[in-house]
Amino acid sequence: MLIEQKVAEQMDRYRWLNARIRILETYSIGSGVLLHTIFEDDRLQELHEKLKGQPSYMYLSPREQELEMTAHINLERYPIGIYAQGREIEAITTPPEKEDPQGHRDVIELKRRIQRVVEARTGGVVRSGTIEEVIDRIAELQELQAERANLDNVLDEVSDLKPEYTVLLKLRYAERRQVAEVVRRMNISRKTYDRYRERAVDEYAKLAGLTHS
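Take the position in the sequence shown, starting the count at 1, then add 290; the result is the number in our numbering.
Calculated from the structure, these hints are not laboratory results. Quick caveat, the model's predicted, so the values are computed rather than measured. Wrong hints could be hidden among the right ones.
Per label pair, the in silico range of CB-to-CB distance [claimed, not checked]:
#1 Asn308 - Ala470: 20 to 26 Å
#2 Arg312 - Gln468: 22 to 28 Å
#3 Arg303 - Glu423: 23 to 29 Å
#4 Gln435 - Leu497: 18 to 24 Å
#5 Thr316 - Asn477: 30 to 36 Å
In the DSS-like style, the derived pairs of lysine-lysine whose C-alpha atoms are separated by at most 27 Å in a straight line are [what the hints assert, rightly or not]:
#6 Lys296 - Lys460
#7 Lys496 - Lys460
#8 Lys296 - Lys481
#9 Lys460 - Lys481
#10 Lys452 - Lys481
#11 Lys496 - Lys452
#12 Lys296 - Lys496
#13 Lys452 - Lys296
#14 Lys481 - Lys496
Glycine residues also receive a C-beta, built at the ideal position from the N, C-alpha and C atoms.
Please take these sequences and the hints and turn them into a complete structure.
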């Protein structure tokens, strides 16, 4: 039951990832342009990767610095994205001052270049008001898509063993369908469902590293 609960939690996370990604992708940047449109810009991706390569204290806001530092100190599982950190952290500490004038200039220039790319795609209008908001959403979208891709890889491997296993996992745990509905939609007997469920959970857990057996 413990392994099944772990699998269920990952599938629940998978459902949430899909929902959050859809919301981020349809975030309006300005002039009718959505985030997923500019997100596909190769130049923007390149600039954002460079920005992420800078020490975090250079490009995060003071509030985000606090969240990041506290997350590293207090959380066993470091959450993805500033939003996730904000939900999980209550006690906030302030990081020490750091100085790197050249690094700060590099970050400022990278932000300016990102802003120029975004404005070129939106006709010069950025609805959010600050380019930092756009950058933050791009970062979250990238991180969540990467996390979802990892879960998709596990599900694909399970599907290679037997496609019905992945269908069952998604219906029962990601979509939270009742057993009777899963049985009906898969057109199988309850006995077959029980057999598939046990095998699907076992194979997923092994491939996802949730069990050593």
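Against the structure, the hints come out as follows:
At about 24 Å, the beta-carbon gap between Asn308 and Ala470 stays in the expected band of 20 to 26 Å. Arg312 and Gln468 have their C-beta atoms about 24 Å apart, which keeps the hinted 22 to 28 Å range intact. In this structure the hint that Arg303 and Glu423 lie 23 to 29 Å apart at CB holds, the actual value being about 25 Å. Checked against the hint of 18 to 24 Å, the C-beta distance between Gln435 and Leu497 comes to roughly 20 Å, which is consistent with it.
At about 34 Å, the CB distance of Thr316 to Asn477 agrees with the hint of 30 to 36 Å. About 14 Å separates the Cα atoms of Lys296 and Lys460, which keeps this hinted pair within 27 Å; it holds. At roughly 17 Å between alpha-carbon atoms, Lys496 and Lys460 fall within 27 Å of each other, so this suggested pair holds. Proposed proximity of Lys296 and Lys481 is supported: the alpha carbons are some 23 Å apart, at most 27 Å.
For a cut-off of 27 Å, the pair hint linking Lys460 to Lys481 stands: about 19 Å separates their Cα positions. About 17 Å separates the Cα atoms of Lys452 and Lys481, which keeps this hinted pair within 27 Å; it holds. Proximity of Lys496 to Lys452 is assessed by CA-CA distance (about 15 Å); at most 27 Å being required, the pair is judged to hold. The straight-line distance between the Cα atoms of Lys296 and Lys496 is roughly 11 Å, inside the 27 Å bound, and the hint therefore holds.
Between Lys452 and Lys296, the direct Cα distance comes to roughly 21 Å. Compliance with the 27 Å bound is thereby established for this hinted pair. The hinted pair formed by Lys481 and Lys496 meets the criterion: a straight-line CA distance of about 23 Å does not exceed 27 Å.
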